[in-house]
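Chemist: Chain B with the ligands: place on chain A using the hints.
Order-wise, the sequence lines are chains A and B. Per full-length UniProt numbering, numbering of the first sequence is gapless, rising by one per residue and ending at 484. Per full-length UniProt numbering, numbering of the second sequence is gapless, rising by one per residue and ending at 484.
There may be inaccurate statements among the hints.
[Stated by the list, open to error] Facing chain A, a subset of chain B residues (Cβ under 8 Å, in silico):
{"id": "1", "residue": "Leu73"}
{"id": "2", "residue": "Trp146"}
{"id": "3", "residue": "Glu159"}
[To be verified] Quick list of in silico lysine to any residue cross-link-like pairs, SDA-like style, CA-CA up to 25 Å:
{"id": "4", "chain 1": "A", "residue 1": "Lys152", "chain 2": "B", "residue 2": "Asn68"}
{"id": "5", "chain 1": "A", "residue 1": "Lys62", "chain 2": "B", "residue 2": "Trp50"}
{"id": "6", "chain 1": "A", "residue 1": "Lys396", "chain 2": "A", "residue 2": "Arg188"}
{"id": "7", "chain 1": "B", "residue 1": "Lys62", "chain 2": "A", "residue 2": "Lys152"}
{"id": "8", "chain 1": "B", "residue 1": "Lys27", "chain 2": "A", "residue 2": "Lys396"}
{"id": "9", "chain 1": "B", "residue 1": "Lys226", "chain 2": "B", "residue 2": "Ser11"}
{"id": "10", "chain 1": "B", "residue 1": "Lys62", "chain 2": "A", "residue 2": "Gly59"}
{"id": "11", "chain 1": "A", "residue 1": "Lys62", "chain 2": "B", "residue 2": "His327"}
{"id": "12", "chain 1": "A", "residue 1": "Lys62", "chain 2": "B", "residue 2": "Arg108"}
{"id": "13", "chain 1": "A", "residue 1": "Lys152", "chain 2": "B", "residue 2": "Arg108"}
{"id": "14", "chain 1": "A", "residue 1": "Lys27", "chain 2": "B", "residue 2": "His327"}
Just so you know, these hints were derived from the structure itself, not from any lab. Even glycine gets a Cβ: it sits at the ideal position worked out from N, Cα and C.
2 protein chains.
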Amino acid sequence: MTDEQDLGITSSKSHQTGDWYAEVVQKGEMADYAPMGGFIVTRPRGYAVWERLQENLDGWFKETGVQNAYFPLFIPESYLEKEKDIVEGFDPEVAWVTHGGNEELEERLAVRPTSESIIAPFLAQWTRSHRDLPLRLNQWCSVVRWEATETKPFFRTKEFLWQEGHTAHADEESAWDETMTRLDQYERLYEEVMAMPVMKGRKPEHDKFPGAHTTSTVEALMPDGKSVQGGTSHYLGTSFAEAFDIEFVDEDEEMQTAHTTSWGLSWRAMGALIMTHSDDQGLVLPPAVAPEQVVVVPIYSEDTQEEILEYSADIAAELDEAGVRVHLDDRDHRNPGFKYNDWELKGVPLRIEVGPNEMADGEVTFSHRPDGESITESREDLPATVEEHLDAVFAKLYASAEETLEGEIREAESREEILGTLGQHGGYVETGWCGDEACEEPIKDAIAAEIVMVPLDRDEEPIHDECAICGEEAEETAYFAKSY
Amino acid sequence: MTDEQDLGITSSKSHQTGDWYAEVVQKGEMADYAPMGGFIVTRPRGYAVWERLQENLDGWFKETGVQNAYFPLFIPESYLEKEKDIVEGFDPEVAWVTHGGNEELEERLAVRPTSESIIAPFLAQWTRSHRDLPLRLNQWCSVVRWEATETKPFFRTKEFLWQEGHTAHADEESAWDETMTRLDQYERLYEEVMAMPVMKGRKPEHDKFPGAHTTSTVEALMPDGKSVQGGTSHYLGTSFAEAFDIEFVDEDEEMQTAHTTSWGLSWRAMGALIMTHSDDQGLVLPPAVAPEQVVVVPIYSEDTQEEILEYSADIAAELDEAGVRVHLDDRDHRNPGFKYNDWELKGVPLRIEVGPNEMADGEVTFSHRPDGESITESREDLPATVEEHLDAVFAKLYASAEETLEGEIREAESREEILGTLGQHGGYVETGWCGDEACEEPIKDAIAAEIVMVPLDRDEEPIHDECAICGEEAEETAYFAKSY
Ligand SMILES: [Zn+2]
Ligand SMILES: [Zn+2]
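Isolated chain A (complex conformation):
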């Protein structure tokens, strides 16, 4: 049995962010560490959040022409090596299957780190005529990347859950539209579902997905001043289509090479969500993803127990009927204070307290998880009132995340200024950049910050005329930040 004081969060979000995050994830019952370093177990509460993210994104994908499919978990080494035609120095950090039962395999199989090289040959097979295009596939699956880093649930794990979309198009315009459609859907997921503003941008040339023409990204700023790459959407040009022969007969009976895209969002989004909204009391979840949106806590003495439990059960039933995800905490062996702490730890966005006063007056008392605001309302029309309060909680979460981002994009015009500003404030520093990776290095070496994005629009004038590092002519605006 655990001591009660161990139940709550003991680290501080602002002072011990890493420890605090690990505590929130575990005590909020989102995930546990698996026995093998780099792996985690996603617990029911964590998986329920993932299911809500999936539901939203999957619905939008399907509304916009995407079909789900499932490709093998393993990729033969020779298939993976085809990417060497596209990417120089390709050396995949993957998990290798070498034996099946007691037999050594003739060819090693990689556990998929991403599926371009196994999906592209099928896109080629299924693309015959311009009428087959656009061809839009997506799969929800797990992938493995053998990177040796400390485990950080949802942020850094060797295995992670994600979706990967793979599409083929007749021309660049259609493929570019696709790339932007998916990026916009990722932005929408963060903003409308997770209550987090994000910035859209492009990865610098040296940090693109290998083989891509353009890698676009949504970046979210965490309260500790670091940026999280929240999802990426790649316009692959014709490089994969050329390597894998994705060709089609156009309307004039001419053979053409397709343009392809790929795009992915992983459970890292859940890491960003937890990091953004949670606090020293524990997990905070926006209403759209919370496993329970409302918890009803009855407050009674021996005398009032029966009628207050009845009143509470009525409330829970009415909300459930109205489609609210509600839980009645009628545990008799726990007092209301324990229950408050417990559900705050677990991130339930809205609490309804029902005591003798509420019952006598035909009222309920709401408590908002993010700021503890307490408001008593009439019990009449409860589902509508609850809806309003859930919206209010969402608005508070969004406003607070927006505040984190606001004012956190600062200009700098020299190496010293970049280092000083990032060192003091974190956040993003925007500066003129010549486009040369060498000019990122001094910043990376000094404080492990990097260029997390440049503007999506390639024609946008750089913010300064000169590169802040080398003084050559600036080609674009670079956004430096530390990142997860």
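Modeler: Below, chain B with the ligands without anything else, positioned relative to chain A:
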């Protein structure tokens, strides 16, 4: 470009069942073969069917207290070996990951063949008090079993998609109820969603899941007379709980060992579905799982094209609005005959034909996929009429599958009779059995048939007094069949 005559199914279901099945799967666009033997690619039409099976089952699971979670893809060899404590001669045929990147791993990792050994330690960790029970977890994932057999999409693949449920309970009664609840849900999936009657039973002792107290099964009879194990639900007793220390403090503050269950249904269900309903024209899918329930085919000449297309689009829009999954095939470069064949091949349960006569009379013509029955109906109240016709199609499919099963359970009282009956008719042979595996062998050796089940009820009197093979006293009724 493919020749038109290659588009249809060229093998006969009754005479070349194996070839026919492979053709239906591929030409019906359910799946393709992957480059590695034993692996397949599930195409969008196939995956859409899988999603409908998932949706139904997942909904029922959640209504009955199950929570989804996600456990690691890999299981350390030492964890898997713990099952040696439970099962003698345990030698898992699994895919082994031996290298991560360029490094050899200190301990080999198995790609999960099933997850008891990685989930049980967490059930132990999360089970403290009787208040934590029952604890019901499920995951939807892929598993790998390195069995060297010829690939048969959905029936025999090294990797397959499934769900695996794992639960812990305070006592045998609760665990047994759980086992039966899941078996009943599998039965319901087959009967109500897939239009297939199944038989419920128990695997004989020698064919139980390793370590299980009881393995229950739903068995479906295929038109070629072979049985398919359609899903299994295991009551594990306390064996896993003992090996992995799943213990709890009961209401009297005493430590108790939990009783556990596990249960799984894989995409083999899709194989059984395809095998059962499809025919020499191609795929046949029941309305509840079909990606498109209705296809509207307009029949027009140059003169009537505009108005007939408009009338058809109207119909499709009205059905879509009503929640019917409908597709309007307005391809101008294909004639109606081609379209009929194409959608018959792809298994759409109901076709609506709209020509000049239908339009003039304010009618539509329905064609039922299973038997080609053609019925003209008023265009008024179309969604309700469509619903009726979809129900009629379901009823036809169910009746036909029921007919396959009916009369296919025959009695036999000797080795010769078992062999003769199975050889001549296939199906199930029920007979008295002493319970000894040795009495299955002569049948297995002669015609590769085996005891696919015995009655669920252990107290049921055997159908005959004596074992048909050895003549000793019969303990139970055995159902012999060939199986997939
Ligand atoms: Zn420079
Ligand atoms: Zn016998």
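Chemist: Determine for every hint whether it applies to the structure shown.
Modeler: Consistency of the hints with the structure:
Contact between Leu73 of chain B and chain A, as hinted, is supported at the beta carbon level, the nearest pair being about 5 Å apart and thus within 8 Å. With 8 Å as the threshold, the beta carbon of Trp146 of chain B comes within range of chain A, its nearest partner Cβ sitting at about 4 Å, so the hint holds. The beta carbon of Glu159 of chain B comes within 5 Å of a beta carbon in chain A, closer than 8 Å, and the hint placing it at the interface holds. Straight-line distance between C-alpha atoms of Lys152 of chain A and Asn68 of chain B comes to about 22 Å, which keeps the hinted pair within the 25 Å bound.
The hinted pair formed by Lys62 of chain A and Trp50 of chain B meets the criterion: a straight-line CA distance of about 16 Å does not exceed 25 Å. Proximity of Lys396 of chain A to Arg188 of chain A is assessed by CA-CA distance (about 18 Å); at most 25 Å being required, the pair is judged to hold. This hinted pair does not check out: Lys62 of chain B and Lys152 of chain A have alpha carbons roughly 29 Å apart, beyond 25 Å. The suggested pairing of Lys27 of chain B with Lys396 of chain A is violated, with an alpha-carbon distance near 53 Å, which exceeds 25 Å.
Between the alpha carbons of Lys226 of chain B and Ser11 of chain B the distance comes to roughly 19 Å, so the proposed pair stays at or under 25 Å and holds. Taking the CA atoms of Lys62 of chain B and Gly59 of chain A, the gap is about 20 Å. The hint holds against a cut of 25 Å. Proposed proximity of Lys62 of chain A and His327 of chain B is supported: the alpha carbons are some 15 Å apart, at most 25 Å. Of the supplied pair hints, the one linking Lys62 of chain A and Arg108 of chain B is violated, its CA atoms being roughly 39 Å apart against a limit of 25 Å.
For the given pair, Lys152 of chain A sits about 23 Å from Arg108 of chain B by alpha-carbon distance, which is consistent with the 25 Å threshold. For the hint pairing Lys27 of chain A with His327 of chain B, the CA-to-CA distance comes to about 48 Å; that exceeds 25 Å, so the pair is violated.
In terms of the numbered hints stated before, the structure departs from hints 7, 8, 12 and 14, listed from lowest to highest.
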